[in-house]
Amino acid sequence: MNHLPTEPAVDEPIPEPEVLRGKRFSIVWLIPLLAMLIGVWLVVKTIRETGPTITIVFKSAEGLVPGKTEIKYKDVTVGKVQRIQLSENLSQVLVSAAMSPEVAAHLTGDTLFWIVRARLAVGEVSGISTLLSGAYIGMMPGRSGKVVDRFEGSEKPPAIFLDTPGRQFNLRAEQLGSLDIGSPVYYRQVKVGRVTNVNMAEDGTSLLLEIFVEAPYHRQVKRDSRFYNASGLDMKIGADGVRIDMPSLASLLVGGISFFTAEDIKTTPPPAESQIFTLYDNRDVANAASYSYREYYLLYFEETVRGLSAGAPVDFYGIKIGEVVSIRLLFDQDTLTFRIPVLIAIEPDRIELSGELAIPEYEVMEKLVEKGLRAQQRTGNLLTGQSYVSLRIQSEAEPQDIRMGDVYPVLPTIPNTVEEIAATAKRLLDRFNHLPLEETLEDIREAARQVTDMTGSKALESAIDNIDQSFATFKKVTSDLNDGTLPKVNRMLDQAKASLARGEEALATANTVLGEGAPIAYNLNRLLLELQEAARAVEALADYLERHPDAIVFGKGNQE
Amino acid sequence: MAMTRGHAAHTAARSGLLNCHGCRLLIRRPSAAGQMHVRCPRCGTRLHLRKPNSIARTWAFLIAAMIFYIPANLFPVTITTYLGSTQSDTIMSGVIFFMQTGSWGIALIIFVASIVVPIAKLIVLMGLLLSVQRRSHWRPAERTRLYRITELVGRWSMLDVFVVTVLVALVRLGYLTTIEAGSGVVYFAAVVVITMIAAMTFDPRLIWDALEKNDESPAH
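Line order of the protein sequences matches chains V and G. Just so we're aligned, residue 1 is where the first sequence starts under my numbering, counting upward by one. Just so we're aligned, residue 1 is where the second sequence starts under my numbering, counting upward by one.
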């Protein structure tokens with residue numbers, strides 16, 4: 001403040017400044033250059049971070065917010081919903097989402113999208129975090145196929161993720177019970193899978209369930225494994241008391257499926273690709289249903305099937321290997337004939353194999369038919385007229401092939417045994433007809449005449465005399481025996497009687513010594529009782545000594 | 001200033017003098033006014049008649065600010081996590097949010113402080129630079145006032161940055177609500193700071209130089 005510019009310094013000689021050589025370089029231009037570089041870097045980064053935009057079709061956009069709802073895979077955000085529109089016919093919601101580039105290559109046609117909301121179900125609570133944060137879209141990347149940009153989203157999460165190792169099986173059930181999609185599948189009461197889908201069979205006669213069994217438990221499902229509905233309580237009161245079968249508490253509430261494989265001599269093969277298991281109502285039914293794998297064949301009979309009914313056994317060498325499933329009557333319009341198609345089910349597991357099966361199963365039957373396997377209706381019970389189907393190998397049968405019907409292969413048949421008997425009887429009668437009866441009668445008559453001639457001859461009389469003499473000799477021998485031998489035998493018997501009486505006396509004496517009330521026995525009893533008491537006293541002493549070892553030295557002392 | 005608008009104004013430059021801006025010593029202007037640097041003989045401060053290289057520097061800062069202005073508006077300034085759901089807001093989306101929720105006052109403040117002022121500053125500085133380069137004689141007093149306002153108001157654009165920093169520091173309610181600063185804030189702060197520097201490097205005396213009769217090119 002002392003040197004204000006208003007100071008009258010103008011009159012003084014104004015000093016010359018020092019003059020320096022200047023350098024002409026301005027680093028200020030580095031700043032816009034830097035800004036430019038940052039700008040370029042940002043642009044490049046943004047472009048590189050931009051992934052594809054996809055469209056997901058949902059039924060409803062409940063809980064989805066454009067610009068906010070995220071798409072997550074394994075809880076990692078891989079995209080964001082940008083726009084939500086209605087489809088042209090207003091029936092669906094089109095959700096556009098910007099995906100991050102790292103999942104771009106995995107957005108194949110089988111990619112799954114679903115909306116994750118809080119789900120409360122018995123046995124399962126999921127998506128609780130969405131209660132506060134709002135719904136998000138879950139994603140399961142596809143495994144193969146072309147990359148597409150339009151997907152069908154589902155409202156529910158998939159029951160099984162694509163990358164879960166395991167295997168899917170199909171079950172057929174009469175009724176659903178308390179099962180539903182997501183119901184657990186148990187093996188030895190361990191949860192190994194769940195129901196993934198439930199469909200009505202096309203003809204409405206049954207329900208088809210798809211279940212997924214996770215690895216490694218899916219190997220426990222064998223071809224003759226039996227599945228049963230493990231829901232609910234199974235209570236039985238029987239001769240052996242009350243029996244309660246209860247699965248886990250969760251399955252008691254939400255239902256579940258259990259399966260088991262019957263113990264067997266042989267190892268059972270894994271199930272066929274298209275095998276449909278039967279879902280039994282409970283374990284007992286499943287146990288009773290012995291063989292779940294069945295092969296169906298059709299038989300055409302042309303004779304009466306009276307006595308044959310559904311459930312009748314199919315036997316082979318007298319052993320039941322299956323049963324009759326259904327019997328119908330078929331009228332052939334062209335030939336005006338009736339035929340009876342009989343559907344039988346054969347349970348191949350009832351037949352044991354020598355070693356591994358070398359040829360495919362369907363070829364086995366073909367080979368057997370070539371060898372002469374035929375089906376035949378037979379009467380099993382002559383009184384009731386119940387009949388059954390018998391499979392037998394007739395090597396002399398004329399060769400026939402197994403042929404494919406509309407649905408089932410058709411086995412060749414041979415006529416009923418009754419018809420067979422009739423045929424045999426007819427053959428027999430025919431033979432009778434051809435017998436030379438007249439000539440035979442002539443021969444007989446001739447023989448009779450010769451006999452008459454013989455009885456009237458001399459030789460016969462002398463023969464009778466000889467016989468008389470023989471009888472006389474015999475009589476003499478027997479009277480000798482009476483006089484000499486018999487009295488000796490009588491004497492011997494008397495002696496034996498006397499010795500027996502003496503033996504009896506000896507026994508009576510013994511009885512007075514040893515019998516009940518006899519002094520020896522009484523004394524013995526007393527001795528035993530006293531010994532028992534002595535043993536008890538020793539036991540008490542030992543017990544006391546164990547607790548008071550010092551009693552040996554100090555005596556018993558007080559009660560203490 | 002308005003009084004001295006006349007052509008025959010007495011300025012130090014005209015009198016062949018220099019004023020040391022360190023110690024206010026009046027110094028005779030060196031005769032050989034080339035690309036030289038001049039030092040005050042008393043305090044040693046570097047002397048120049050006008051701010052050195054003013055126009056080029058201002059342009060440089062201005063261009064940098066304009067480049068940064070783009071990401072400042074495109075990138076989010078706040079990332080709000082409210083009960084698990086995140087929402088990122090740019091400056092403009094924040095303004096729109098406040099408008100939609102009825103807080104017109106706040107919306108206006110943010111709009112003016114964060115959008116109007118930076119743009120106005122950029123435009124004003126650009127206009128001043130162009131007018132100086134074209135040696136415009138148009139309304140030098142108004143242009144000077146414009147410059148003064150620009151310099152004065154520039155720092156208030158930092159308001160937005162302060163709001164964000166305060167919010168980030170205060171709103172840390174764990175899962176309930178968290179606010180994080182987005183990358184846009186950095187660029188916005190860069191815009192504000194760089195425009196302030198640009199305003200500082202601009203020399204308003206250049207506006208008046210064009211009016212002076214003796215068309216002596218001012219030394220740097």
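Simulated from the structure, these hints should not be mistaken for laboratory data. Quick reminder that beta carbons are idealized off the backbone N, C-alpha and C, glycines included. Worth double-checking, as some hints may not be accurate.
Unchecked claim - Computed beta-carbon distance windows for the label pairs:
| no. | chain 1 | residue 1 | chain 2 | residue 2 | range |
| --- | --- | --- | --- | --- | --- |
| 1 | G | H21 | V | V40 | 47 to 57 Å |
| 2 | V | E155 | G | L170 | 50 to 60 Å |
| 3 | V | K68 | G | L173 | 44 to 54 Å |
| 4 | V | T108 | G | V112 | 33 to 43 Å |
| 5 | G | V112 | V | K45 | 42 to 52 Å |
| 6 | V | Q82 | G | H21 | 29 to 39 Å |
| 7 | V | P216 | G | L173 | 24 to 34 Å |
| 8 | G | G16 | V | V40 | 45 to 55 Å |
| 9 | G | V112 | V | V57 | 36 to 46 Å |
Going down the list of hints, with the structure as the test:
1. H21/G to V40/V: 47 to 57 Å: Violated: the Cβ-Cβ distance is about 39 Å, outside 47 to 57 Å.
2. E155/V to L170/G: 50 to 60 Å: violated (40 Å)
3. K68/V to L173/G: 44 to 54 Å: violated (19 Å)
4. T108/V to V112/G: 33 to 43 Å: Roughly 51 Å apart at Cβ, these two residues miss the hinted range, so it is violated.
5. V112/G to K45/V: 42 to 52 Å: Violated, at about 31 Å.
6. Q82/V to H21/G: 29 to 39 Å: violated (56 Å)
7. P216/V to L173/G: 24 to 34 Å: violated (47 Å)
8. G16/G to V40/V: 45 to 55 Å: The hint (45 to 55 Å, Cβ to Cβ) holds, given that G16/G and V40/V are roughly 48 Å apart.
9. V112/G to V57/V: 36 to 46 Å: Between V112/G and V57/V, where Cβ atoms are some 44 Å apart, the hint holds.
Figure legend: structure checked against the earlier numbered hints; hints not met, in rising order: 1, 2, 3, 4, 5, 6 and 7.
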